[in-house]
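Trainee: These protein sequence lines map, in sequence, to chains R and V.
Residues in the first sequence are numbered from 2 upward in steps of one, following the numbering used here.
Residues in the second sequence are numbered from 2 upward in steps of one, following the numbering used here.
It should be emphasised that the hints constitute simulated quantities derived from the structure, not laboratory data.
The structure presented is a predicted model; accordingly, all values stated were derived computationally and were not measured.
In this text, a Cβ means the ideal position worked out from N, Cα and C, and glycines have one as well.
Pairs of lysine to any residue residues, derived as SDA-like cross-links and limited to a Cα-Cα distance of at most 20 Å, are as follows:
#	chain 1	residue 1	chain 2	residue 2
1	V	530	V	479
2	V	29	R	234
3	V	29	R	232
4	R	146	R	156
5	V	57	R	228
6	V	29	R	231
7	V	29	R	230
8	V	29	R	243
One-sided and incomplete, this derived list gives chain V residues near chain R with beta-carbon spacing under 10 Å:
#	residue
9	29
10	30
11	31
12	32
13	33
14	34
15	36
16	41
17	42
18	56
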Amino acid sequence: MAKLSDLLTAEDLVQLTGLPLFARTVMEGFSTGQHASPHKGSSVEFRQHRPYVQGDEIKRLDWKIFGRSDRFYIREFDEETNLRATVLLDSSGSMAYRGTKGAIKFEHARKVAASLAYVLTGQQDAVGLVTFDDKVREFIPCRTKTSHLHHILDTLQRTQPGGETSLSAVLRNLASRLKRRGLLLLVSDCFDDAERLIQSVGALRKQGHEIIVFQVWDRDELDFPFSRWARFENAERTEDSLLLDPAAIRQRYLQVLQTFREQLLEGLRRHQVDLVPIITDEPLTEAIKAYLALRMRQ
Amino acid sequence: MSFLNPILLAGAAAFLIPLIIHLLNKRKVITVLWGPMHLLHEALRQKKRNVKMEQKLLLAVRISIPILLALCLALPVLSALSQLPGFDKTSLLVVLDNSFSMRAPGTGGTARDKARNDLRQTYTTLSRGSDTAVILAGAPPHRLTAEPTSDLEAVPTLLENEPSLGGPLALQDTFQLVQADLGKLATPAREVLLVSDFKWSDWRQLAEGGTLPALESILKQERPPLVTFLRSSGDTESNLAVVSVEPSAFVVARGQMIALRARIQNHGPQAYQDVAVHLEANGARLRSTRVSVAPNSESVITLTHTFDAPGDQALTVRVEGDSLPDDNAYSVIIPVREQVNCLLVRGKSRSGPLEGATDFLEIGLTPHQSAATTLKDVIRTGVIDDHAMRDKTLDGSEVVILANVNRLNDRQVQELEEYVQRGGGLIIFMGPDMDMRWYQEKLYQNGKGLLPCTLNGFGHVDEGQTPARILNQRHTHPAITYFNEARGMRLQDAAFTHWVKFDKVEGDARPILNLDRGDPLMVEKPRGKGRVIAVATTANAQWSNLPLQPAFVPLIQRLVTYLATQNAAPQSQMCGTVLRASLGTEQVKGNYELKDPMSRTREVTPRADRDGVIFVDHSDTAVPGIYELRAKNVPGALVRRFAFNLNPAESNLSAMPEENIRAMAQRLGASYASSQDEYARLDRTRRHGAEAWQPLLFALLLFLFAEVFLQQRISRA
Chain R
2 MAKLSDLLTA EDLVQLTGLP LFARTVMEGF STGQHASPHK GSSVEFRQHR PYVQGDEIKR
62 LDWKIFGRSD RFYIREFDEE TNLRATVLLD SSGSMAYRGT KGAIKFEHAR KVAASLAYVL
122 TGQQDAVGLV TFDDKVREFI PCRTKTSHLH HILDTLQRTQ PGGETSLSAV LRNLASRLKR
182 RGLLLLVSDC FDDAERLIQS VGALRKQGHE IIVFQVWDRD ELDFPFSRWA RFENAERTED
242 SLLLDPAAIR QRYLQVLQTF REQLLEGLRR HQVDLVPIIT DEPLTEAIKA YLALRMRQ
Chain V
2 MSFLNPILLA GAAAFLIPLI IHLLNKRKVI TVLWGPMHLL HEALRQKKRN VKMEQKLLLA
62 VRISIPILLA LCLALPVLSA LSQLPGFDKT SLLVVLDNSF SMRAPGTGGT ARDKARNDLR
122 QTYTTLSRGS DTAVILAGAP PHRLTAEPTS DLEAVPTLLE NEPSLGGPLA LQDTFQLVQA
182 DLGKLATPAR EVLLVSDFKW SDWRQLAEGG TLPALESILK QERPPLVTFL RSSGDTESNL
242 AVVSVEPSAF VVARGQMIAL RARIQNHGPQ AYQDVAVHLE ANGARLRSTR VSVAPNSESV
302 ITLTHTFDAP GDQALTVRVE GDSLPDDNAY SVIIPVREQV NCLLVRGKSR SGPLEGATDF
362 LEIGLTPHQS AATTLKDVIR TGVIDDHAMR DKTLDGSEVV ILANVNRLND RQVQELEEYV
422 QRGGGLIIFM GPDMDMRWYQ EKLYQNGKGL LPCTLNGFGH VDEGQTPARI LNQRHTHPAI
482 TYFNEARGMR LQDAAFTHWV KFDKVEGDAR PILNLDRGDP LMVEKPRGKG RVIAVATTAN
542 AQWSNLPLQP AFVPLIQRLV TYLATQNAAP QSQMCGTVLR ASLGTEQVKG NYELKDPMSR
602 TREVTPRADR DGVIFVDHSD TAVPGIYELR AKNVPGALVR RFAFNLNPAE SNLSAMPEEN
662 IRAMAQRLGA SYASSQDEYA RLDRTRRHGA EAWQPLLFAL LLFLFAEVFL QQRISRA
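Excised from the complex, chain R in its bound form (with noise of 0.2 Å):
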């Protein structure tokens, strides 16, 4: 049985401990919680009174009224419930990448899986994990107990990145395994073509599910540090290779690389998703808790 602490250390659990993560939309929980729910039930925080109609819970009766007015009202709550959120880890061969300065990318996604699914289980709600490559390899439902975040940690500790990523195809598959609204946290490098990524990011979130995208990035991916004569090998496809002057063509891939960027957060923006950068040269809590803290403000 895999530990947290095999994935996180103390000091980022200390970190981690007792940071908000809210849903910004109303979620379909099964238990009280602090995320509204939309269905209204008997809850502590009174909506509105409306006529009785037949089928409704005679429990459901406000006898004050039928006792002033002689006429059957029901009482009606706003019901609070936990959260249902859905970690999506890509294990594709692209987050396989070690990068010049020795962090490996997926190790780093790993980690944001994890601190995620820490976090939100601290909180009462309830955590999912589904990992993928061009298909999805594992799907763990949402639960609450203490216990199903171990399974969870289990599942990321046998994770091993490989495989080609086909993260929109995933995704519109995802959407309709995942009936329930809930928070999807998507731990992607999003290595893929941003029209589809974006497609199918709009198509789950019509269902009504909140996305938050975070971006797994190695330093080298962004700055393109190579000097010598290099053959780069698809991490995912070893028969896609280029022999190249990295220098020669370093400028304009930091162009496509902005414009690729500046794609995908306008995408996201679109469709109210949230991108978080991750690079894996920096610290992994302060980029999670710097977003959390944003987050709380807006």
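Following the hints, position chain V against chain R.
Mentor: This is chain V only, laid out in the frame that chain R set:
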């Protein structure tokens, strides 16, 4: 294409360096398992038009740079057939200025040394089988070798043994020799290289627009040679020179004092203070004095000497303190005689004092005797009436003067004719009693008689009119050049009221003096070995006041001594001219030896010309100084001396500015090189083709810029 430094072509191998670096870079590639390949593909797609192409271009540029650099350093020249064996032979005709100004010292030697070194260097660049000829252009121009030679190594040695003491450049004569020698050269690739110090004195006329017909005709040939002017000059411009020494008389008597007027010229910006001037007689120093000469000016000093022995005596004026010693001395030969006999033949005379036809002549020719002084006259006169001329009367007289003679009989004319033919001098003064018709018929004889010209009546000035005077002009006749600078003795002061009009001054006749009315006053004509001078006025003061002028005495004395010494050697000759000494008929069988100024003795053999005159001659007179001729193996034989001096024009060392030489060369159709290096470059270009390193260097610079540009462009792409 050929290369002047082909060994540096090896540097082109450096092109391997960028190639190897390129290949090594490719070989040492690292493999990167890369995630965002789609970004890389997109970047490459956007850049596809640039990257591969530009990288290959950059590699090509980098490879080209060391190759271009090596080509530049190897000094390539473009040529066609000249690279094929046997096609690079050249015929080089060298015209070398050997005038003595080439001996002017400078840094690194004299101009002559420089020229020789330049030529030696030039000969080393000629291909095997090339031939050459050298013409020494100082007057008189002559060939170094009789025929063109292909022994190129021998020519510089021959040049070293050749003295550079020629006179001023004789360019026309030189190029006539060039024209003749061009046809003798072996190859069709002919070049003419003229090496000179380009002094103004030699080149002024040509530089100021003069023509050189011989060179023009050379350049108009169907296949004209390449002509190059090469400057080889010393850097000395200061020079002190004795440019002339003029004796006061053509001949002096033993014990009679002669004055020498020496002009010392300072050609240059340096002043000379208290320079020693020595007077030497026959090589022995007599006395010294000192003179100061300001920059670019001259000083004239007068020195005197009295000889106590008859014969041809040499006097030399020499200055010290100059770096070019060749022109520091000037020598003249003074004939010293016991006396010169002059017979005065007078016509009808009047009885009054000084009214006789020859009275003034007697006084003028023997002034010391007339004044009863103790000084000695060189001329001894005898006076007879015209009818007293009989057989043998003229014997013993060097000069005969007729004054106002009415007419002579045929016998007397015959005697005079024979006298002049033998070498006697005759002066004929006109006069009122002369029978002009007889003179015309018997003495002129349509140009065949003794009279130098025809007589065309009398000329005179009317009362109230200004008298006729001697035309003021610079005199060139040796008998009267003395009056050009004789202070206080102006011939122009003489006034003439009557004269005989001379006409038809033609053939050998030439006027010595002219009147300002357009009529000649004195006319000279050589006849046989002698000369005749006709004077248009009287010898007394009847027609003019010439006998009353201070100039009369030196004038009449110089005329007489000129005629008396006309067959003697010239007082001074220019170096390079032929030494010719007339000898007596009886001396034809004798042997003679000639000692030159360097004390080298050589034997000379008398010869007879077509008139039967016995003479010896000698053409090697390049060395200035005194040449002595004496009968061989005859103790106490009379020594005849000859003075040879350098042309004073050569003493002025000021050189033409380079732009003038270049312009002159261009106008004449020649190239110009200011130094041996420049000539070598020019010659290489012409013989082997144009050097191509300049465009290659330009290309190299372009490639360097292209490399930087491509590098920047690729890195920005």
